[in-house]
Structure formats: structure tokens, C-alpha cells
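Undergrad: Sequences are here, hints too, so could you generate the full structure?
As they're listed, the protein sequences go chains A and B. Under my numbering, read the first sequence as residues 64 to 326, first letter to last. Under my numbering, read the second sequence as residues 220 to 598, first letter to last.
Watch out, some of these pointers could steer you wrong.
[What the hints assert, rightly or not] Here are the simulated DSS-like pairs of lysine-lysine, each with C-alpha atoms no more than 30 angstroms apart in a straight line:
1. B:K488 to A:K311
2. A:K287 to A:K90
3. B:K227 to A:K261
4. A:K112 to A:K243
5. B:K485 to A:K94
6. A:K112 to B:K263
These are computed hints drawn from the structure, not numbers from a lab.
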Amino acid sequence: MSASGVKQVPDTETQIRIAPDGQSIVKDDIKWVMNPYDEFGVEEALRIKEKFGGEVTIVSLGPKRVTESIRTALAMGADKGVLINDPSAEDSDALATARALAAVIKDMEYDLIFTGQRGVDDDMGLVGASVAEILGIPQLSVITKVEVSEDGTSVKVERPVEGQTLTIESPLPALITAQKGLNEPRYASLPGIMKAKKKPLEEKTLADLGLDASQFGKEARKLKVLELTPPPQRQAGKIIDGETPEEKAAELARVLHEEAKVI
Amino acid sequence: MDIFLSEKNRVVRQSVRRFCEKEIKPIAAEIDRECSFPWEVVEKMGRLGYFGIQAPRELGGAGLDSVSYVIVIEEISKGCAGLGLCVSVHNSVALYPILAFGTREQKQKWVPPLARGQKIGAFCLTEPNAGSDASGIEATAIRKGDHYVLNGNKVFVTNGGVADTCLIFARTDPGAGSKGISVVIAERGTPGFVVGDLEDLCGVRANPVSSIRLYDCRVPLENLLGKEGMGLRIGLTALDTGRLGIAAQGVGIAQAAFEEATKYAKQRKQFGVPISRHQAMGMMIADMATQVDAARLLVLRAAVLRDQGKPFSRQSAMAKLYASETSTSVTDMAVQIHGGYGYSKAYPVERYYRDARVTRIYEGTSEIHRMVIARSVLE
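TA: This is the structure we're talking about:
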């Protein structure tokens with residue numbers, strides 16, 4: 064059995080605008096997609112299920128629209144979904160999010176939990192680690208290869224480290240955060256989408272999970288966003304002038320050293 | 220726009236879009252240039268159910284609704300109009316008539332391999348002397364013992380170069396005028412079934428459009444679809460659905476052109492500012508955005524009516540007319556916004572401009588559709 068945490072994030076092609084409060088983004092008109100790192104996690108969970116049997120459950124926290132991403136994962140082959148949909152959980156920080164996800168997962172029988180190594184929206188990379196901490200299980204972060212032992216009691220994983228590979232072994236259950244390169248996620252097929260319609264997708268509130276709503280939402284954030292600023296506008300390119308290749312190369316070296324300060 | 224879609228429809232759009240962006244968009248310029256049919260991608264599309272969008276699941280299809288169907292065609296066409304055409308024609312005018320008019324045995328035999336994309340379908344109506352006027356068909360299917368003997372020359376057959384299962388419109392009763400036309404299924408590989416050279420077309424070049432010639436091609440009597448003489452009725456029913464697909468194709472091409480033009484207008488600088496800040500460009504972009512949305516809404520309306528089992532002939536004619544006119548005008552504006560670069564193969568709008576033009580011609584010309592609409596308004 065494995066659980067896969069899924070977050071819905073703005074499509075990377077969406078043009079992000081900062082809201083007037085300077086601390087959040089304008090959420091209208093955004094195309095929401097499943098966080099790409101979570102997709103790697105879902106795919107890996109499905110591959111393990113295909114090899115060992117069992118079930119894959121998708122767990123997510125967010126508003127109603129997130130059911131679309133959960134359905135996509137169900138269409139890829141996952142078995143059921145749980146969405147924690149509670150207005151008081153809106154704008155929760157990573158720790159509160161992890162508490163909610165862990166509250167769903169703790170009552171399940173599970174061997175592996177997958178999350179993306181980070182969300183491509185705010186790049187915190189905290190939820191996976193926090194879920195593992197709350198559940199008291201090993202966490203294996205930024206993983207590009209997963210091998211479950213034949214007897215299904217342990218897992219061997221690989222993490223890229225500065226051009227080297229770190230191989231780690233851990234007993235199960237464990238939590239793995241997926242890195243790019245782990246796999247090539249499958250596309251949801253049209254018959255799969257039809258089948259997904261009939262798969263169970265439960266919605267739960269914080270109260271359903273026995274959680275205290277005052278620990279969630281914007282007010283309860285331990286981590287506060289002070290300010291969002293747009294990236295600087297890209298400057299025009301520069302063409303290096305010179306009579307000879309040697310002159311141009313010397314000028315290029317000078318510019319890279321003195322102006323761009325990269326060499 | 221998404222407010223009109225069910226969650227299932229939205230998941231379909233997102234999944235197909237992801238596939239098209241990763242698998243189709245990167246090769247679209249090349250398969251247009253080389254006139255090549257990308258088998259590898261087509262096989263993947265088959266496994267994902269794109270060739271049996273509305274076919275029932277027990278026959279290997281996905282069992283989806285018409286709204287999903289137009290979404291799939293729009294998304295594929297946004298990546299490559301030639302492949303959008305392939306999928307549209309296969310689903311609507313090749314597979315669907317077998318579902319609608321076939322016997323149980325015929326469905327069991329022909330539908331599963333078509334729905335899974337293991338076989339590609341084609342619709343062979345047009346001849347050198349028959350197009351908008353289908354009653355001019357000269358091909359013949361003459362009964363001899365337990366076979367029909369087919370003879371004829373079919374031209375501009377979409378998917379012709381790769382099609383396995385072809386619906387041939389031919390006269391079973393040469394003396395009976397338009398009532399003597401029937402549909403007989405012929406398979407590639409049957410002796411006398413000859414695929415002609417690929418057409419060297421202006422657009423939709425990834426689609427192997429070709430002629431198909433039949434020389435004393437013998438097919439069993441059980442390959443007759445419906446009854447003898449039902450050909451025109453089958454053809455018209457198929458085209459009602461077919462033109463919905465072509466309308467969606469037009470929307471997809473227009474959407475692609477609109478996105479490229481908007482992106483370019485923000486990047487390209489003249490007189491010290493991005494050209495998007497010049498009012499003339501803004502006017503064009505406003506027209507493009509409005510036309511694309513209006514076309515998509517017309518297509519969705521026709522698809523919803525079809526899903527509800529209501530008459531949709533007039534609405535699908537309107538959708539086809541407006542979406543194809545939109546795709547030519549929007550791609551034209553996209554070229555204009557790109558200036559000289561829009562006329563160059565270095566930018567994709569040049570391809571969109573070529574691809575769009577044929578949507579006003581095939582599966583009923585704009586003029587024929589205006590006639591259909593006028594008649595339904597005035598009757």
C-alpha cells in the first residue's frame with residue numbers, strides 16, 4: 064500500500080502576477096496543474112503497485128478545484144483519493160499542511176509515502192519531511208531511483224549528490240520525496256479518465272480528522288511571507304565588438320570577469 | 220470557458236494537452252516539412268484511447284461524450300493540424316458510421332481494432348466529379364455472387380496513405396440516381412485496392428491524404444453498411460458529426476496562432492516599445508481573442524446538444540462555418556503581427572496559416588454550410 068501526496072500548483076507557463084497585498088499571487092485566471100514533482104511520486108507508486116500489488120491512495124489539501132488533479136492521478140491508475148477541503152485551512156503553511164496530510168495517512172495501512180521533493184510554486188520543500196517527522200518514519204529526500212526489496216520490507220534508494228550518487232537503504236514504512244529523473248510519468252488515458260470517475264474520492268474537513276482548526280490557516284502560520292517581488296526585467300544581450308577573434312575573446316573574458324563576474 | 224465543462228472534461232483537456240505539448244508540439248514543424256506520418260506518436264495516441272473517444276468501452280473505446288471529443292480534437296490540432304485531422308476523421312466519419320449503422324457482427328469485427336488505434340479508418344466519398352454534390356458519385360459496387368465488385372477512383376482521402384478500414388461510397392444500383400448509392404467497407408490489402416500517391420498539399424501535411432483506386436476489388440457482401448441505397452443518409456449522418464470535429468480543429472489551429480501572436484507581440488520591439496503596446500496590434504489581439512472564444516462556444520454548444528440527443532445539425536453547421544472562418548482570419552492576423560517573420564517557416568504561424576485554409580473546404584465548404592443554415596432558418 065502506498066500513499067501519494069499531491070499538490071496543485073500554477074502551470075509553469077502561467078504568467079504570475081503579484082496581488083496588491085504584496086504577499087500573495089493573483090489566483091484568478093491561473094491554470095492549475097499537478098505539481099510535476101508529485102507526478103513523479105504518483106508514477107513511482109503506480110509502478111511499485113504494478114510489481115507488488117496493493118493500492119495507491121492520493122492525499123491532498125486544498126480547495127475543491129484540487130479534485131481535478133486527484134482525478135488525473137486516479138486516471139493514471141491510483142485507486143482512491145482523499146481531499147482535505149476546509150476553508151479554515153486556506154493559506155496554511157507547510158507544517159500545518161503536513162499535519163493535515165499525516166492525520167489522513169496515520170490511520171491507513173501503508174508501506175510507502177511519496178511526495179514531490181518540493182512544490183514548483185513556493186519551493187519550500189518542507190511538507191514531505193514534516194509528514195515523515197509527524198508519523199515518526201524515515202524520510203528519504205530528493206530521490207531518483209527506488210528499489211523495493213523482494214520481500215517488501217525495505218527499500219534502497221538513490222540520491223544525486225554533487226555529481227555522485229548516494230545509495231541509502233531504509234526499512235519500511237518510509238517516506239520518499241521524488242526528484243526529476245525518478246521516472247517518466249505516464250499520461251492519463253481516455254479510458255482511464257472514464258474509470259477514474261467511479262473511483263472513490265472522499266472529502267474531509269479538519270474536524271473530520273479530529274484537528275483543531277485554529278492551528279490552520281493564515282493566522283496560524285509559523286512562517287510568514289513578508290513580501291513577494293517580481294524577478295528583475297531581463298536586460299538586452301550584448302554583442303562583443305573587435306577586429307580579430309583574439310580581440311573579441313579578450314574583450315569577452317574581460318566582460319565575463321569584470322561585469323558579469325562569473326569567471 | 221472552463222465553467223461550461225465538467226470535471227471529467229477538464230481532466231481530459233489537461234491530460235491531452237500535456238501529451239500534445241510533450242509529444243506532438245516538438246515534432247510538428249518537422250512532420251509538416253517532411254510530410255511524414257509519425258507512427259510512433261500515433262501508436263501512443265492509440266494506447267491512450269484517442270482513436271476510440273466515443274466508442275463504447277466494451278468495444279475497446281473510451282466511452283466519452285461529444286464535449287470530450289471536441290476537446291481532444293482541439294488540443295491535438297493545436298499541436299499539429301494534420302494529426303488533429305487524422306483523429307477527427309477516424310473517430311467521426313470512419314468509426315462512428317459503423318457504430319451507428321453496423322450490425323452487431325460488423326461492430327464486433329471492425330470497431331475494436333479501430334477504437335484502439337491498431338487500425339486507421341478513412342471515409343472515401345470525394346471523386347474527381349463528386350464532392351459537395353455527393354450524388355455525382357461514379358464508383359460502383361456491383362453484386363456478383365457473394366461479393367461486391369468495387370471499381371472507382373476516390374480522391375483527397377484523409378488518412379488514405381495509412382488507412383486499413385475504408386468506407387467506400389459507391390453505386391450498387393447505377394440506374395437509381397442518388398438512391399443507388401451505398402457504403403461498402405473495403406480493407407487495405409484486398410486485391411484491387413490501390414493506394415495512390417500522397418497529395419502535395421498546402422497544409423495539414425502530416426496527414427497522408429491520398430487517392431484510393433479500386434480495380435475489380437472484391438469484398439464480401441457482409442461488408443455492406445446499412446442497406447443498399449442508404450449511402451447518402453449514412454454520409455450525411457457521418458458528416459454532421461465530422462464537421463463538429465473539423466470545427467474543433469479550426470478552434471485548435473486558431474488558439475495556437477493566437478497564443479504565438481500574443482507572445483510575439485509582447486517580445487518584439489518597434490519604436491522603443493513592445494509592439495503589443497501599439498494600438499493597432501491590440502485591436503487585432505482583441506479580435507483574435509473574441510473570435511476564438513466565440514468559435515469554441517459554438518462548438519461546445521453543438522457538442523452539448525449532441526450529448527443530450529437533441530438535433531444539432533444547424534448548430535454544428537454554424538460551429539463549422541464560424542470556426543473555420545475564424546481559423547483563417549486569426550491565423551492571418553497572427554502572420555500580420557509577426558510581420559516578415561510570420562511569412563517565414565522559422566515561426567510556426569506560417570504553418571498555422573497554411574493549415575487553417577482547408578478547414579473552409581473539407582467536410583462541407585463554408586458555402587455549403589451557409590446554405591444548410593439558411594435553409595434551416597428559412598424553412
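Undergrad: So, for every hint listed, does it hold in this structure?
TA: Hints, verified against the model:
Between K488 of chain B and K311 of chain A the alpha-carbon distance is near 28 angstroms, which keeps this suggested pair within the 30 angstroms criterion. A threshold of 30 angstroms between alpha carbons decides the hint, and for K287 of chain A with K90 of chain A the separation of about 19 angstroms falls inside it, so the pair holds. This hinted pair checks out: K227 of chain B and K261 of chain A have alpha carbons roughly 11 angstroms apart, not beyond 30 angstroms. As the CA atoms of K112 of chain A and K243 of chain A are separated by approximately 20 angstroms, the hinted pair is consistent with the 30 angstroms bound.
For the hint linking K485 of chain B to K94 of chain A, the alpha-carbon distance of about 20 angstroms falls within 30 angstroms, and the restraint holds. Our distance criterion of 30 angstroms between C-alpha atoms is met by K112 of chain A and K263 of chain B, whose separation comes to about 22 angstroms.
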